[in-house]
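Based on the sequences and whatever the hints tell you, model everything.
Chains as they are written, first to last, in my numbering: chain C, 1 to 93; chain X, 1001 to 1330.
Honestly, I wouldn't trust all of these hints.
[Unchecked claim] Straight line, CA to CA, 25 Å or less: simulated DSS-like cross-link-like pairs of lysine-lysine:
#1 X:K1232 / X:K1035
#2 X:K1039 / C:K66
#3 X:K1039 / X:K1014
#4 X:K1014 / C:K66
#5 X:K1035 / X:K1172
#6 X:K1035 / C:K66
#7 X:K1029 / X:K1039
#8 X:K1035 / C:K20
#9 X:K1266 / X:K1172
#10 C:K20 / X:K1039
#11 X:K1029 / C:K66
#12 X:K1197 / X:K1081
#13 X:K1014 / X:K1232
#14 X:K1172 / C:K20
#15 X:K1069 / X:K1197
#16 C:K14 / X:K1172
#17 X:K1079 / X:K1172
#18 X:K1197 / X:K1266
#19 X:K1289 / X:K1266
#20 X:K1029 / X:K1014
Since the hints were derived computationally from the structure, they do not count as laboratory data.
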Amino acid sequence: MSDWTLFEVFVRSKHGLNHKHVGSVHAADAAMAMENARELYTRRSEGVSIWVVPSAAITASSPDEKEPLFDPSDDKVYRHATFYELPKEVGHM
Amino acid sequence: MYAQLVDTGVKRLKTLEEMSPEERAFQEKIDAEIKIEPKNWMPDGYRRTLIRQISQHAHSEIVGMLPEKNWLTRAPNFKRKLQLLAKIQDEGGHGLYLYSAMETLGADRDEEVAKLHSGEVKYSSIFNYPALSWADMGTIGWLVDGAAIVNQVVLQRTSYGPYSRAMIRICKEESFHQRQGYQILLHMMRNGTDEQKAMVQDSINRFWWPALMMFGPHDSDSPNSAQSMAWKIKRMSNDDLRQRFIDQTIPQLELLGCTVPDPDLKWNAERGHYDFGEIDWSEFYDVVKGNGPCNRDRLRIRRKAIEEGTWVREAASAYAAKQKQKNAAA
Ligand SMILES: [Fe+2]
Ligand SMILES: [Fe+2]
Ligand SMILES: [Fe+2]
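Below you can see the structure in the form of structure tokens.
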């Protein structure tokens, strides 16, 4: 079975929410991956929609790139609403 | 537990000073409760130990379906049959979640399954005991899944991300298993004939000690525990987990109106725990070595399932290849 394609499974738990990664399945093709994902990850109505994606099709950032990728945004506090202090009279904004 | 004697290959813990810079950074991450993810650097021993533990855990889920499947066609009514079927399907699912987690460490699923079938890798000793009566379906859900839950709740905090996430998913499903089992027993004790009540007691008598053995040897006889705890693969010792299980199970036992076959079991107010008698460790090691009542049969059925399913897998591959060709031509 290891020679079958590995698929990553994403499930949308409710209408209006994002698909979320839940795990993976092996399958001979995409249709079978869908059936396997349904049996394995939504036995208790955990979802309203499933995506299956061949794992090999995903490009992931590597842990060594963590600093160059994510550090630059750490010192940009002005990108957050809480950075801007306003007088009480303004009320909720 | 579901993985009872996992060898770390480490005889003595290294101090932070003795570690290479990589190892030290790794250990500091663990100490800070930061999860290790598949692409992160990790010591070979950590990777090997995890593959062993997760594969044993997965095999246990899969082999664990066998004692119960015996009763699917013998369930007392349709409702119980559906419940048991759902429970068994969950266990198959647990095995698959765990095999997936194991694969993120670079292990090959077919190779690991082959190791199970050759006897090189074990599964939990508990599944080498037979399910002889319908009451055993209750006792297994209540005691065996109950013991597994005690272990798995703690493993939700294990240091390896994919293993921890598989445990969280599994724990959500387990409490159904334990409750359906306990309810089977409670129903028999409250509404059953004398014979049925005796069947419950007999079942508990047979499963009590094997359930306690699920937690593995005493801490003093677990040479690999120190490293597994330092790596936070394990989060609580065998003896502590066993005590926790006993403490929470005895009140449920009393509610059933049953007893366990241990004359030394009694509440110790000073310790705030139940005292209990010594486990027959020779039985435990005998079963682990392959000489339990059902070891050979369990492996025979697993091998047969793989062999007899070969044509299905081949047909699926052939169909997929044909479809691909067709789509390419269109
Ligand atoms: Fe399970
Ligand atoms: Fe189980
Ligand atoms: Fe279970």
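25 Å Cα cutoff - pair K1035 (chain X), K1172 (chain X): Answer holds: K1035 (chain X) to K1172 (chain X) is near 20 Å, not above 25 Å.
Agreement of K1232 (chain X) and K1035 (chain X) with the hint, judged by alpha carbon distance not exceeding 25 Å: Holds - the C-alpha atoms of K1035 (chain X) and K1232 (chain X) are around 10 Å apart, at most 25 Å.
Agreement of K1029 (chain X) and K66 (chain C) with the hint, judged by alpha carbon distance not exceeding 25 Å: holds (15 Å)
Pair hint outcome, K1289 (chain X) versus K1266 (chain X) [Cα-Cα no greater than 25 Å]: violated (32 Å)
Given pair status - K1039 (chain X), K1029 (chain X), alpha carbons within 25 Å: Given that 25 Å is the threshold and the Cα spacing comes to 14 Å, the pair holds.
Pair hint K1039 (chain X) and K66 (chain C), alpha-carbon separation not exceeding 25 Å: holds (12 Å)
Given hint K1172 (chain X) paired with K14 (chain C) - CA-CA distance at most 25 Å: Roughly 18 Å between the alpha carbons, so the hint for K14 (chain C) and K1172 (chain X) holds.
Pair hint K1029 (chain X) and K1014 (chain X), alpha-carbon separation not exceeding 25 Å: Roughly 16 Å between the alpha carbons, so the hint for K1029 (chain X) and K1014 (chain X) holds.
Hint consistency between K1069 (chain X) and K1197 (chain X) [alpha-carbon to alpha-carbon, up to 25 Å]: holds (23 Å)
Given pair status - K1232 (chain X), K1014 (chain X), alpha carbons within 25 Å: The hint holds at about 15 Å.
25 Å Cα cutoff - pair K20 (chain C), K1039 (chain X): holds (20 Å)
Satisfaction of hint between K1172 (chain X) and K1266 (chain X), Cα-Cα up to 25 Å: With a Cα-Cα distance of about 32 Å, the restraint between K1266 (chain X) and K1172 (chain X) is violated, given a limit of 25 Å.
The earlier numbered hints that this structure contradicts are 4, 9 and 19.
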